[in-house]
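Enquirer: First to last, the sequence lines map onto chains A and B.
Everything in the first sequence is counted per our numbering, starting at 7 for the first residue and increasing by one.
Everything in the second sequence is counted per our numbering, starting at 7 for the first residue and increasing by one.
Please note that a few of the clues may not be correct.
Identical copies look the same in the list; a pair holds intra-copy or inter-copy alike.
[To be verified] Computed cross-link-like contacts, DSBU-like style, restricted to lysine-lysine with a CA-CA straight-line distance of at most 35 Å:
| no. | residue 1 | residue 2 |
| --- | --- | --- |
| 1 | K35 | K17 |
| 2 | K67 | K35 |
| 3 | K44 | K67 |
| 4 | K67 | K40 |
Keep in mind that the hints were calculated from the coordinates and are not lab data.
Fair warning: this is a prediction, and the values are worked out from it, not measured in the lab.
Number of protein chains: 2
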Amino acid sequence: MSENTVLVGAKPVMNYVLACITLFHGGAKEINIKARGKAISRAIDVEEVVRRRFLPDVKVKRVGIGTDQVAPNEEGSSLTNVSTIDITLVR
Amino acid sequence: MSENTVLVGAKPVMNYVLACITLFHGGAKEINIKARGKAISRAIDVEEVVRRRFLPDVKVKRVGIGTDQVAPNEEGSSLTNVSTIDITLVR
Numbered sequence: 007m008s009e010n011t012v013l014v015g016a017k018p019v020m021n022y023v024l025a026c027i028t029l030f031h032g033g034a035k036e037i038n039i040k041a042r043g044k045a046i047s048r049a050i051d052v053e054e055v056v057r058r059r060f061l062p063d064v065k066v067k068r069v070g071i072g073t074d075q076v077a078p079n080e081e082g083s084s085l086t087n088v089s090t091i092d093i094t095l096v097r
Numbered sequence: 007m008s009e010n011t012v013l014v015g016a017k018p019v020m021n022y023v024l025a026c027i028t029l030f031h032g033g034a035k036e037i038n039i040k041a042r043g044k045a046i047s048r049a050i051d052v053e054e055v056v057r058r059r060f061l062p063d064v065k066v067k068r069v070g071i072g073t074d075q076v077a078p079n080e081e082g083s084s085l086t087n088v089s090t091i092d093i094t095l096v097r
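Next up, chain A with everything else stripped away, as it sits in the complex (with noise of 0.2 Å):
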């Protein structure tokens, strides 16, 4: 994962922002907000925060979607599926 990548999880979507901010501000001209799961809702509420509030400049360049292959807690048990997103904003 490279240092502009930003992953939501299940913090506030303010602190998601802030760090998009800050990455934009520290001179990125690229970064990427993923997340897995249900943190995927997240993840586009931080896009359009940081688009619409802070940053209109800032354009989404890319929306990937796909699957991740996760390994469960408990021995024994097999693989299971979690959707993913990969969002590009570009300033």
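Given chain A, put chain B in place with the hints provided.
Expert: For chain B alone, coordinates are given in the frame of chain A:
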């Protein structure tokens, strides 16, 4: 909303997968999978299951993300924003 749109909500993923397969088997060349808020991750689950398990010749043409304004239930409160996804599949 066109007749070739599957709106993903809170039902099980396979309900929406079946709706997509039915549209393609009925001759549709292009369908849209749409969702809002917490159902967004389920919409990606639907797309992944349709393509990986059932219709490998189907491709993702476009993924659009955005914001809808929603009127709240109680009177007097203001509009709230909800994130959206619109996945276009082509065969």
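Enquirer: With reference to the structure, classify each hint as holding or not holding.
Expert: Quick rundown of the hints versus the structure:
1. K35 - K17: within (25 Å within a copy, 40 Å between copies)
2. K67 - K35: both (11 Å within a copy, 26 Å between copies)
3. K44 - K67: both (23 Å within a copy, 23 Å between copies)
4. K67 - K40: both (14 Å within a copy, 20 Å between copies)
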